[in-house]
Every structure is written in structure tokens, then in C-alpha cells.
Amino acid sequence: MRRVARRYAKALLKIGQEDGNLERYGEELALFNNYMQAEEKLREALVNPTIHSSQREAVIRELAPRLGLSEVMVRFLVLLVERNRMDVLPEIVEVYREFLDDAMGRVRGVLYVPFELPEEKLQEIVKGLEEKVGKKVILRVELDPSIIGGAVAKIGGVVYDGSVKAQLRRLRENLAKG
Amino acid sequence: MFEFIFKVINFVVLFFLLYKFMKKPLVNAVKERHSLLKRSLEEAREAKEQWEAKYREYDERLKRVEEEAQRIRQEIIAEAERERARIMKEAEEAAERIKRQAQLAVEQEVKAIERRLREEMADLTVQLAEKLIRDSIVPEDQHRLIDDYVQGIRRFH
Numbered sequence: 073m074r075r076v077a078r079r080y081a082k083a084l085l086k087i088g089q090e091d092g093n094l095e096r097y098g099e100e101l102a103l104f105n106n107y108m109q110a111e112e113k114l115r116e117a118l119v120n121p122t123i124h125s126s127q128r129e130a131v132i133r134e135l136a137p138r139l140g141l142s143e144v145m146v147r148f149l150v151l152l153v154e155r156n157r158m159d160v161l162p163e164i165v166e167v168y169r170e171f172l173d174d175a176m177g178r179v180r181g182v183l184y185v186p187f188e189l190p191e192e193k194l195q196e197i198v199k200g201l202e203e204k205v206g207k208k209v210i211l212r213v214e215l216d217p218s219i220i221g222g223a224v225a226k227i228g229g230v231v232y233d234g235s236v237k238a239q240l241r242r243l244r245e246n247l248a249k250g
Numbered sequence: 334m335f336e337f338i339f340k341v342i343n344f345v346v347l348f349f350l351l352y353k354f355m356k357k358p359l360v361n362a363v364k365e366r367h368s369l370l371k372r373s374l375e376e377a378r379e380a381k382e383q384w385e386a387k388y389r390e391y392d393e394r395l396k397r398v399e400e401e402a403q404r405i406r407q408e409i410i411a412e413a414e415r416e417r418a419r420i421m422k423e424a425e426e427a428a429e430r431i432k433r434q435a436q437l438a439v440e441q442e443v444k445a446i447e448r449r450l451r452e453e454m455a456d457l458t459v460q461l462a463e464k465l466i467r468d469s470i471v472p473e474d475q476h477r478l479i480d481d482y483v484q485g486i487r488r489f490h
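As given, the protein sequences belong to chains A and B, one line each in that order. Using our numbering, the letters of the first sequence correspond one by one to residues 73 to 250. Using our numbering, the letters of the second sequence correspond one by one to residues 334 to 490.
Take the hints with a grain of salt, since some may be wrong.
To be verified - In silico SDA-like pairs for lysine to any residue, Cα to Cα no more than 25 Å straight-line:
1) K444/B <-> L457/B
2) K356/B <-> V346/B
3) K226/A <-> G485/B
4) K237/A <-> G250/A
5) K364/B <-> E376/B
6) K464/B <-> F187/A
7) K464/B <-> I220/A
8) K237/A <-> R467/B
9) K387/B <-> E376/B
10) K249/A <-> V439/B
11) K204/A <-> R488/B
12) K249/A <-> E452/B
13) K237/A <-> E473/B
14) K249/A <-> K364/B
15) K464/B <-> A248/A
16) K357/B <-> F344/B
17) K444/B <-> L243/A
18) K207/A <-> E473/B
19) K249/A <-> F489/B
20) K199/A <-> H490/B
21) K444/B <-> Q434/B
22) K86/A <-> G177/A
23) K207/A <-> G229/A
What the hints assert, rightly or not - Okay, the calculated beta carbon distance ranges per label pair:
24) L457/B <-> A238/A: 17 to 27 Å
25) G228/A <-> I466/B: 25 to 35 Å
26) L457/B <-> A175/A: 46 to 56 Å
Claimed, not checked - Simulated coverage check for chain A against chain B, where a stretch passes if three residues somewhere in it have a Cβ under 8 Å from a Cβ of chain B:
27) 181 to 193
28) 214 to 223
Note that these hints are calculated values from the structure, not bench results. C-beta atoms are modelled at their ideal positions from N, C-alpha and C, and glycine is treated no differently.
Produce the entire structure from the sequences given, and follow the hints as far as they go.
See below:
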């Protein structure tokens, strides 16, 4: 599934790079996917191969103006319907976002903090991490009181752990080593 | 007188006749007897020499057998000594090995206990430290910790 998703995501990325709508296609993909996942009947209809593709195409074309989808996106979604690949859409959204981030020179990550951070502190952390990884960093902030204090950032498989919990863990290792 | 002369003449004649006719057979008999005795003596001497030769030969063989027996006995003693030394050495080595293994097992057990104790102590210490921090941490500390995190980001590997 992931390989199929990569193929479609790459194709859409190429179009986006050519017409300069990389970000827009990413947003439209995510928007349509969220809508489809929320509307169960719609999702079932679009992934159902027994319903003729022209009927499913008509549904997409009807939804497009309401969701503000571009013509390229409509054609992309119609292609998925025709090839019975609409079930791969969630993966395509994910992979496209990874490709897009890569193309835009940015990375996504999660920041765990024990309390709600003021915006200026969050920006300081983002700035520090951007200097560290050499890319623009987009962080999703999650509250995690178990880290006690400090913060933990996970970006592209790398963990930047500056939590009190990690310090206690190191203390425990040192004490256990003797 | 005449009778005496006659007896003498008779004796002489008898002696002459005896000498004439008995000399050769008597000489032959004596010679034969002599040669028989000589042969017997010769045979006895040869037998004696043969016996002595046999005796010397048996004596030599007996000596050789005794020497061989002595050599074998010494070899057996030496071999037994070597075997005894080997067995003793092996036994000493085995004893040393067992001692070393037992010592190692004890050392490992002691180390395992030490490690377990250290880990338990570390767990308790960290649990206590965590409780103390959680109980005493205030918003100012949290902000300071975030500032420390920002300052320390570039130090991460």
C-alpha cells in the first residue's frame, strides 16, 4: 500500500512543482481525506468497486466546489476512483506531506512538555531545533506531565530529550553502574 | 740238583714259550685297554668341556634374562612413577580448576547481588528524587527548565 501511495504522491508532487501549487495540493488532499473519513457513507461509496466509476466521479465533481478543490485535484481524485485506489488516499496524504516537507526543506516533529508553553517559549524551542537540524521545523505540541520538567522533541526519528525524567533515568543508570 | 736244573730249564722254556706266544696278545690287550681308557678320558673331557660350555651359555642367558628382567622392572617402576606423577598433576589441576570455578561462581554471585542491590538502591533513590521534585517543582522551575532545554538543544548529538 505504501509503495502505491508513494507512486501517486510523487506524481501529484511533480505536478505541484511544475505549477507551483505544492502546498495547495497538500491542503486539498488533507481536506478531502478528512471529509471522506468523517462521512462514512461517502467513503464506502468512493471505495466500492461495484459502483460505476462515472457515478463516483460525479460525486467528486459535486463535492469539489463545496470543498474548493482545484481542477488538478479533482482529476487526481477521479484517477484514484477509476483505478479503484481511493482506499489508499490516507496513505497518499501522509506520503505527500512527507515529500512536500522534504521539498520545502522542513521537518515535522512532536514536542512533549509538562505544561502549556507560552508562545514565545515555543518559538524559542522551534528556533533552536531549526538551527540544530538545519531545516524549518513544524512541531505538534503534546502535554505529557510524566516527563516532570523540561521538554522532549522527536523529529525525523531523532529524540532531543531534555526532560527531568531523562535526567533521573541517567542518574539511575549511573547509580546502578556504581 | 738235576731236578732243580730241570725245573729252571722248564721254567725258562715255559717263560720263553709264554713270552713267545703270549707277548703279542698281552701287549695288544694292554694297548687296547690303554686306548680305551684314553678314549674314555677324552670323551669325559669333551663331555666336561661341552657341559662347561653349556653351563657358561646358560649362565650367560640367565644373566641376560636377569638383566632384561631388571631393565623391565626398572621401566615398569619408572612408568608407574610417571603415571603416578601424571595422575597427581591431573588431580591437582582438576582440584585447582574446581577451586577456581567455585571461586568464580562465588564472585559472580557476589557481583550479581551487588548489582541487584545497586539497582534497587538506584530505583529507590530515583523514586525518592522524583517524588521530591514533583512535590517541590514550581512554575518558575518549569520555565527555567524550558530555558535550559533551549540553551542545551545545540548540545544534543
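Results for each hint:
1. Annotation: proposed proximity of K444/B to L457/B holds, straight-line Cα distance about 20 Å (limit 25 Å).
2. Taking the CA atoms of K356/B and V346/B, the gap is about 14 Å. The hint holds against a cut of 25 Å.
3. Between the alpha carbons of K226/A and G485/B the distance comes to roughly 15 Å, so the proposed pair stays at or under 25 Å and holds.
4. For the given pair, K237/A sits about 20 Å from G250/A by alpha-carbon distance, which is consistent with the 25 Å threshold.
5. Proximity of K364/B to E376/B is assessed by CA-CA distance (about 18 Å); at most 25 Å being required, the pair is judged to hold.
6. Distance hint between K464/B and F187/A is fulfilled; the C-alpha atoms sit about 18 Å from each other, no more than 25 Å.
7. For the hint linking K464/B to I220/A, the alpha-carbon distance of about 10 Å falls within 25 Å, and the restraint holds.
8. For a cut-off of 25 Å, the pair hint linking K237/A to R467/B stands: about 11 Å separates their Cα positions.
9. A C-alpha spacing of about 16 Å is found between K387/B and E376/B, which places the hinted pair at or below 25 Å, so the restraint holds.
10. At roughly 20 Å between alpha-carbon atoms, K249/A and V439/B fall within 25 Å of each other, so this suggested pair holds.
11. Straight-line distance between C-alpha atoms of K204/A and R488/B comes to about 9 Å, which keeps the hinted pair within the 25 Å bound.
12. For the suggested pair K249/A and E452/B, the alpha carbons sit about 8 Å apart, so the restraint of at most 25 Å is met.
13. Taking the CA atoms of K237/A and E473/B, the gap is near 18 Å; set against the 25 Å cutoff, the hint holds.
14. For the suggested pair K249/A and K364/B, the alpha carbons sit about 125 Å apart, so the restraint of at most 25 Å is broken.
15. Taking the CA atoms of K464/B and A248/A, the gap is near 19 Å; set against the 25 Å cutoff, the hint holds.
16. Using a Cα cut-off of 25 Å, the hinted pair K357/B and F344/B holds, with the two alpha carbons roughly 20 Å apart.
17. Taken as a hint, the K444/B and L243/A pair is honoured in the structure, with Cα atoms around 21 Å apart against an allowance of 25 Å.
18. The suggested pairing of K207/A with E473/B is violated, with an alpha-carbon distance near 31 Å, which exceeds 25 Å.
19. For the proposed pair K249/A and F489/B, the alpha carbon gap of about 23 Å is at most 25 Å, so the pair holds.
20. With a CA separation close to 17 Å, the supplied pair K199/A and H490/B stays within the 25 Å bound.
21. With a C-alpha separation of about 15 Å, the suggested pairing of K444/B with Q434/B holds against the 25 Å cut-off.
22. In summary, the hint linking K86/A to G177/A is supported, as the alpha carbons are separated by about 16 Å, within the 25 Å threshold.
23. For the given pair, K207/A sits about 15 Å from G229/A by alpha-carbon distance, which is consistent with the 25 Å threshold.
24. Judged by the Cβ atoms, the range 17 to 27 Å given for L457/B and A238/A holds: they are separated by roughly 19 Å.
25. One distance hint, 25 to 35 Å for the beta-carbon pair G228/A and I466/B, holds here, with the actual separation near 30 Å.
26. Range check, L457/B to A175/A: about 52 Å between beta-carbon atoms, so the 46 to 56 Å window is met.
27. Coverage of a stretch by a chain is defined here by at least three residues with a beta carbon nearer than 8 Å to that chain's beta carbons; for the stretch 181 to 193 of chain A and chain B the count is 5, and the condition holds.
28. Requiring three or more residues with a Cβ within less than 8 Å of a Cβ of chain B, the coverage given for the stretch 214 to 223 of chain A holds, as 4 such residues are present.
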